Amino acid sequence: MSRIAAVFANLRAEGRAALIPFVEAYDPNRATTIELLTGMATHGADIIEIGVPFTDPMADGPTIQAAGRRALDAGASLHGVLDIVREFRSANNHTPLVLMGYLNPILSYGVDAFTQDAAAAGVDGLIVVDLPTEECDLLLPAATLNELDVIRLIAPTTSDERLPKVLEGSSGFVYYVSITGITGTRTASAADLARDIPRIRRATSLPIAVGFGVRTPEHAATIAGFADAAIVASALIEKLCATNVATVLEDVAALAAGLRTAVKIPA
Amino acid sequence: MNELLKNSLRSGPDGRGRFGEFGGRFVAETLMPLILELETAYEAAKADPSFQSEIDYYLKHYVGRPSALWFAERLTKSLGGAKIYFKRDELNHTGAHKINNCIGQILLARRMGKTRIIAETGAGQHGVATATVCALFGLPCTIYMGAVDVERQKPNVFRMKLLGAEVVPVKSGAATLKDAMNDAMRDWVANVRDTFYIIGTAAGPHPYPAMVRDFQCVIGNEARAQLHEAEGRLPDVAVAAIGGGSNAIGLFHPFLDDAAVQLIGVEAAGHGLDSGATAASLSRGRPGVLHGNRTYLLQNDDGQILEAHSISAGLDYPGIGPEHSWLHDIGRVEYVAITDNEALEAFQLCTRTEGIIPALEPAHALAYVAKLAPTLDADKIILMNLCGRGDKDIFTVAEHLGVNL
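These protein sequences, in sequence, are chains A and B.
The first sequence begins at 0 in numbering that gives the first Met the number 0 and counts up one residue at a time.
The second sequence begins at 0 in numbering that gives the first Met the number 0 and counts up one residue at a time.
Hints listed in this document are in silico derivations from the structure and should not be mistaken for laboratory results.
These numbers were taken from a predicted model, which means no experiment stands behind them.
Among the clues, some could well be false.
[Unchecked claim] Ranges of calculated distance between the beta carbons of each label pair, as one might list FRET restraints:
1) I329(B) x P163(A): 29 to 39 Å
2) S274(B) x D159(A): 49 to 59 Å
3) D193(B) x D191(A): 13 to 23 Å
Just so it is clear, CB atoms sit at the ideal spot from N, CA and C, and this is done for glycine as well.
Modelling step: build the complete structure from the supplied sequences, incorporating the hints.
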């Protein structure tokens, strides 16, 4: 069983949802990223999403854009991100790591070489924002060959008719972009989730993670009522900017505690 | 116009929006359903004769088409070689070829029932053209423009505001055209239900490259007929400047299947191809994915996109339309590069010999024509697209000539 599947199987048994915090690699430097990854894994993160910096992050809001800019200024590269993963894995072999980013750095690395190196480094899954299902044959065969989960984004604009096509070939979990908009801006309400999650549930047996605009333990708990995981990104990056690693880790612990208070709402 | 032979070079893109390996639809899932809806709507419009007649009406009575074909006799004599003809798209309403595309797209937006328009702009020509058609049809309009460009193109910013558009200065990245396009995409993702994104060049996710090309083909179609009337034959060479490549594809496309017509696209070399400050995506880039399409891009070894440089804000873009990437790879079109200084010289040459102040974009094309014409016999014909007028550029040119306005 893959690390991601194992996490969700355990959580199902525990009856709680997963916390997936996000770290923009190299923001503001490599050492901080290692500290954050290691610390998050011991402060309640069930899976960690690592943002791969890109010059033109078209789906991201101001917070992640700025984080990516700082990261590139600090010398971030896709090779460097894999190197961080290798270092993290030398001490932690259980927390799943998912890389989230854009296609061009992967194409530039070479799809075959990248998927081999990523799997060997200890990456578990890939989220490629600008690779819709229509273009996924560029990546899917190589990712599958190297046992990397390709995690698909589903949006409020994805129709019921389109869902099966989008889910084709996806594994690990599905990532529900809960708003029409960029990261870190608006927040989906309980009513939105009650409307959206069941229709995705009908189309897939994969766990459903909800992201974009998740900021507080209360909101994470609301998500856990409907879905299987909450992804928190911009709020943590803002906290890191304003304070330090220790405070971010306190927030991660608070989010994890929030998820444990969630009341599951039957679909 | 679109009833094409199977073995024609004009039959692209394929069902996946690809020209060879270039093009495609590399957008976030949130946008994907909209892109598909747009494709369906555009296909339906193309099949509806009333759509084309609507476009023709506005192009004739509002834009002022057909634009003239001008035999540049003094320039021809001074260069001493091939006959040079200008396709004068700088005479269009708003002063450039951009309006051809804006008319087509806004009429499509209306058919689709969209009630709000967004666009990106570099120099401001596409922004002005978009704001113009929005004023004409009474639609609210938001234009994304890099903060650096807002500063260096103040007259166009004021024009857009006069026309009723909201101009949003984009501060992310290098605050130029690439970043403006990112922010326009972000706006679109957040306003998917009511908003139509009028992309200004023949790039972006399918169907934009094909759609913008189709709307710009009026340039080549007219020029072909006009030159036939003037000379009774096809040109030997057709030349156009390339940023994203919309004016060039509009000129070239109707000649793609005429093997005897040599086609030359002129990229902006900036300070020089190997200066590190260039916008020549084909000459110095390699294939990658940005802004929804796979195409040649200026990028570093890690696949990070590089900032382009050109004296011409309209060519200052690190990518190029995907059909050009394909035409480059198959060798049908030759792509060359012209530096900032060469373009400045051509700008002055055209102004003084023909009494036409060209935009800095076609000044690049002209700089290459000035090199080429003397090498050809006097019975050869060069057709060049003079795609924009230079009023917007007089401040930039003055600065480079050391003149204080």
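- Query: Does the structure break any of the earlier hints, and which numbers would those be?
  - Reply: No hint contradicted; all consistent.
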